[in-house]
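**Q** Make a model of the complete structure from these sequences and hints.
Residue numbers (numbering that gives the first Met the number 0), protein chains in the order written: chain A, 0 to 398; chain B, 0 to 398.
Certain hints may be false.
As the list makes no split between identical chains, a pair holds if one copy fits it or if it spans any two.
[Stated by the list, open to error] Computed cross-link-like contacts, DSS-like style, restricted to lysine-lysine with a CA-CA straight-line distance of at most 30 Å:
hint : residue 1 : residue 2
1    : Lys146    : Lys375
2    : Lys146    : Lys331
3    : Lys274    : Lys375
4    : Lys62     : Lys331
Read the hints as simulated data drawn from the structure, not as lab findings. Just so you know, these numbers come straight off a predicted model, no measurement behind them.
Next come the chains, spelled out residue by residue.
There are 2 protein chains.
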Amino acid sequence: MISVDEARRLILAALAPTGAETVGLGQAAGRVLAAPVLARLTQPPADVSAMDGYAVRAAEAGKGATLRVIGAAPAGHPFEGKVRAGEAVRLFTGSVVPDGADSVLIQEDATAEGGLITVNESCAAGKNIRRKGQDFAASEVLIAAPKRLTARDIGLAAAGNHPWLAVHRRPRVAILATGDEISLPGEEIGPGGIVSSNAHALAAFVMESGGEAVILPIAKDTLEAIAAGAAAAKGADLLVTTGGASVGDHDLVQQGLAGSGLALEFWKIAMRPGKPLMFGAVGELPLLGLPGNPVSAMVCALLFLRPAIERLSGLQGEAPATEPALLTTAMKANDHREDYVRATLTREGDAWRVTPFPTQDSGMLKTLAHAQALIKRKPNEPGLAPGSLVQIVRLGGRD
Amino acid sequence: MISVDEARRLILAALAPTGAETVGLGQAAGRVLAAPVLARLTQPPADVSAMDGYAVRAAEAGKGATLRVIGAAPAGHPFEGKVRAGEAVRLFTGSVVPDGADSVLIQEDATAEGGLITVNESCAAGKNIRRKGQDFAASEVLIAAPKRLTARDIGLAAAGNHPWLAVHRRPRVAILATGDEISLPGEEIGPGGIVSSNAHALAAFVMESGGEAVILPIAKDTLEAIAAGAAAAKGADLLVTTGGASVGDHDLVQQGLAGSGLALEFWKIAMRPGKPLMFGAVGELPLLGLPGNPVSAMVCALLFLRPAIERLSGLQGEAPATEPALLTTAMKANDHREDYVRATLTREGDAWRVTPFPTQDSGMLKTLAHAQALIKRKPNEPGLAPGSLVQIVRLGGRD
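**A** Shown next, in the form of structure tokens:
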């Protein structure tokens, strides 16, 4: 059985980014930039005032000086003339500093009366001026690609005069839940049957990860139904199956897909929960086979599906970030499998304190939904005493 | 001037949650639950097998025993008969444990041949069985409201047999950028003009925070244009203005809205960047006036607009979480204003190391977009030496 890291490496190596599409600035947040954003203008476009005040010549605006206000330059309405000795021009934040002036006297330091101002505090040359190009110069790279665009990036691209951006197409992830025992929520449930939870949870996870989810109809446990499900995934960038990847007679996904050209890269990894993870391709369509247990499926989604979607989206694709936490209880030694233990968190000063749920059964969805972190335990890690430092993966608000 | 915390308290106190709407499970992730989700069934619905193996009677399945396999019960197809002494039934993960059996012998511990199995390892009564209701019982509260629904919650709601959920309507946030100097990206830029970046950055921020953004047409610096902008915000849950909240002659938002029934709650707070923050209401429409500087606007959005959207969405609304980091450089003493300093982060072992950008000019959008954290500095905080512990607000991937 291969390790978690090796499995992720193999998955990422097999995936290529989607192509680019042009979207309006209003649709670009959260998308992955496909081409660098170059400034189409210089910002600020000229020397501008950083404050509300008066454009002055510093040498002639010493404390006590009286200056004649010869005009005003509200932002967007530059003053056309020139500021000469003994003169000032009213400015506002963002106003272009007129010719002749070399400083901005802030309004709090001036007394205005009858078209004149008296300087109450001297101001040095260059004071309160934002220089032309201080933020960026035309043709400068504002945002390098690839990058998942933040709201701040959207602001920067707007300031650089871009109404459109090139981003990677959202990866289409087709989700195929299999099993005779599962029904859709609200539909009739057979004897001993349960409601399908994986497909909808995974779809939400895919969307939150920046992908587009296609929930295929549930496939019954027949070779034909599974083959038909895979065929319906045409046009997807990744097919995700849940269930049927274990070792039982009714785990038919591999057999069902054999006729469609299944090529397995690996099957089974040294982790818990989630041992029966499968990866390969059905023809040209990459296939990630998640376990049927909902807890295993979601933990594997975090460890493998999210990086896969990142890679398809044009990013590198990375393991979930870990951070330190202090264990509140003892934990037994771990076996040869990397273990991800559901846990709750509390904050004590600057440290996280983490408490594993006493029962880690992978059938327990409620525990998973209420978990705030996964404690990552290395293979063969010895037992841990209360207070031990462990590494956790925080489960974000929307994971 | 009031403090940041007091300003946030006043804003939150003035806002009420939106009403509920019914959405399909596929649209509910990231939304805030408006009514608790109660289990509509018991999970598992019966005692089920936790493994692939055989239903046996533990007392008669000691090591070396031979049992007759009288049937199979794939998941979704319960075995109708009863298991008696000397008998076994083939089970798979999730299969209902048939009457008479009290344990599941895992298949790795059995040798099957010609309709018989030989027990290679004994198994205790109750072994490998998930008890009826182990995950949850019918009528149990699965998810309490309010809560922003994660992918895991969606899975839990599905398992509880809910095709629909009641969630709070996304708050509608109308965004009004003001100023004679600003143009939309790609449109003609006037002399000394710049491209409007706040509205699009804020819209992305609103959407990422779970709101619906309405970007109103840019309002020129006239009383009429500003009043018309506010009128166009009809039906919104919050009006956000940018610019025009400072002290200059051309800061007309307050005057422009006076005729529309503006009631100010506060104006100006003791923080940097972002001093000219304004909050109140225009008639019944809450109004948050953000500074015109794009950096100030986005920092104020993080500190005030996000909690406001959370509150409107049905949540409590909280200050952004802080975490500890070690300063790499010295910082001067802070003045009386709470300061949020743009910075970059590196990880060293288990600690964040944070480095402020040397220039903190609030006109610099590029610095803001490249920032990874804000260093929070309390009012009148003394100077800090390199290596000092500071509190940071991490700027998430999409903030």
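**Q** Confirm or reject each hint.
**A** Now for the hints, and whether the structure bears them out:
1. For a Cα distance limit of 30 Å, the shortest separation of Lys146 from Lys375 qualifies both inside one copy, at 28 Å, and across copies, at 26 Å.
2. Taking CA atoms no more than 30 Å apart as the test, Lys146 paired with Lys331 passes in neither setting, with 41 Å inside one copy and 33 Å between copies.
3. Taking CA atoms no more than 30 Å apart as the test, Lys274 paired with Lys375 passes inside one copy only; the shortest distance there is 15 Å, against 44 Å between copies.
4. Taking CA atoms no more than 30 Å apart as the test, Lys62 paired with Lys331 passes between copies only; the shortest distance there is 28 Å, against 75 Å inside one copy.
Of the numbered hints given earlier, the model fails hint 2 alone.
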